[in-house]
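Protein chains: 2
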Amino acid sequence: MLHQDWMHLALTQAQMAFEQGEVPIGAVVVHHGRVIAAAHNEREQKNDPTAHAEVLAIQRAAEVLGSWRLTEASLYVTLEPCPMCAGAIMQSRIKQVVYGAMDLKGGATGSVMNVLDYNLWNHKVDIVAGILEKECSDMLKLFFSRLR
Amino acid sequence: MLHQDWMHLALTQAQMAFEQGEVPIGAVVVHHGRVIAAAHNEREQKNDPTAHAEVLAIQRAAEVLGSWRLTEASLYVTLEPCPMCAGAIMQSRIKQVVYGAMDLKGGATGSVMNVLDYNLWNHKVDIVAGILEKECSDMLKLFFSRLR
Numbered sequence: 001m002l003h004q005d006w007m008h009l010a011l012t013q014a015q016m017a018f019e020q021g022e023v024p025i026g027a028v029v030v031h032h033g034r035v036i037a038a039a040h041n042e043r044e045q046k047n048d049p050t051a052h053a054e055v056l057a058i059q060r061a062a063e064v065l066g067s068w069r070l071t072e073a074s075l076y077v078t079l080e081p082c083p084m085c086a087g088a089i090m091q092s093r094i095k096q097v098v099y100g101a102m103d104l105k106g107g108a109t110g111s112v113m114n115v116l117d118y119n120l121w122n123h124k125v126d127i128v129a130g131i132l133e134k135e136c137s138d139m140l141k142l143f144f145s146r147l148r
Numbered sequence: 001m002l003h004q005d006w007m008h009l010a011l012t013q014a015q016m017a018f019e020q021g022e023v024p025i026g027a028v029v030v031h032h033g034r035v036i037a038a039a040h041n042e043r044e045q046k047n048d049p050t051a052h053a054e055v056l057a058i059q060r061a062a063e064v065l066g067s068w069r070l071t072e073a074s075l076y077v078t079l080e081p082c083p084m085c086a087g088a089i090m091q092s093r094i095k096q097v098v099y100g101a102m103d104l105k106g107g108a109t110g111s112v113m114n115v116l117d118y119n120l121w122n123h124k125v126d127i128v129a130g131i132l133e134k135e136c137s138d139m140l141k142l143f144f145s146r147l148r
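Protein sequence lines, in the order shown, are assigned to chains E and Y. Counting from 1, position 19 in the first sequence corresponds to residue 19 in the UniProt record's numbering; the numbering is continuous, with no gaps. Counting from 1, position 36 in the second sequence corresponds to residue 36 in the UniProt record's numbering; the numbering is continuous, with no gaps.
FYI, nobody ran anything at the bench for these hints, they're computed from the structure. Possibly wrong hints are sitting among the right ones.
Identical chains share a label here; the pair holds if one copy fits it or two copies do between them.
When the alpha-carbon atoms are kept at most 30 Å apart in a straight line, the in silico BS3-like pairs for lysine-lysine are as follows [to be verified]:
| hint | residue 1 | residue 2 |
| --- | --- | --- |
| 1 | K95 | K105 |
| 2 | K95 | K124 |
| 3 | K95 | K46 |
| 4 | K134 | K124 |
| 5 | K105 | K141 |
| 6 | K124 | K105 |
Please construct the entire structure, taking both the sequences and the accompanying hints into account.
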């Protein structure tokens, strides 16, 4: 499978968030060639400030593997992670993050800051940006245009 | 109540983590003069890389208040927050963070980086450092000395 194929699955999650009135961001965790966790933003429904797509996907992946160390996993997410999610990625020792749209106002893997660049505990995360960027970005734009 | 009094409650949580073989870090959330949530690190038991004291305390506080916005709350934590937890603090709009020991290797509210200083969405978090610093630090030192 290509990055685009996994990102399509993350976009499907984002679409589910959209339909539920949540900011449309989706994520999947891929481990040894298969999806082991999928999630979308659920902040409003859960009344939980930590219920971002990435955090939920990481929690579910750890549950599936029975370990908090996701060293062999890749995370696909439709929007560049915020500081909390970039920190969660670091905590989980995920090896690769692939994201769609950049977040120029809050992105923490390069745009506003780069949490992963501090390389705490010598953990190195590979970052791939801009996969299906337009599709990921368009879904967010449509969501916010309807709120106005 | 003084900062020290609330920090003693966070230390009690850290002690519980210690007794369970978890890195001894504890946190409480104070809202309008009373504790509405308390938690300690549970990463190993839960096999969850996001199960830090601060994240769990924030999740519980949001559940108690029925809102993800903790704008009137203060978080007391025995160790300087990591990037994930500093990001969760920002996401929850907590107004004040009070911590005990500094984390020179991973602290994200001043030591290695300052996630809160980026002031995304114009949210300002007040930070108080060094409350019961020695007690908080000593508990961590004792824990790690026993692992060797």
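Self-check item: Intra- versus inter-copy proximity for K105 and K124 (alpha-carbon distance at most 30 Å)
Solution: both (24 Å within a copy, 16 Å between copies)
Practice problem: With 30 Å as the alpha-carbon cut-off, assign the pair K95 and K46 to within, between, both or neither. | Solution: The answer is both: 29 Å in one copy and 21 Å across copies each meet 30 Å.
Quiz item: What label fits K134 with K124 when the C-alpha limit is 30 Å: within, between, both, or neither?
Solution: within (28 Å within a copy, 32 Å between copies)
Quiz prompt | Same-copy or cross-copy closeness of K95 to K105 [CA-CA at most 30 Å] | solution = both (25 Å within a copy, 21 Å between copies)
Quiz item: For K95 vs K124, is the C-alpha pair at or below 30 Å within one copy, between two copies, both, or neither?
Solution: within (7 Å within a copy, 32 Å between copies)
Self-check item: Homomeric proximity label, K105 with K141: Cα distance no greater than 30 Å
Solution: within (14 Å within a copy, 39 Å between copies)
No hint from the list above goes unmet by this structure.
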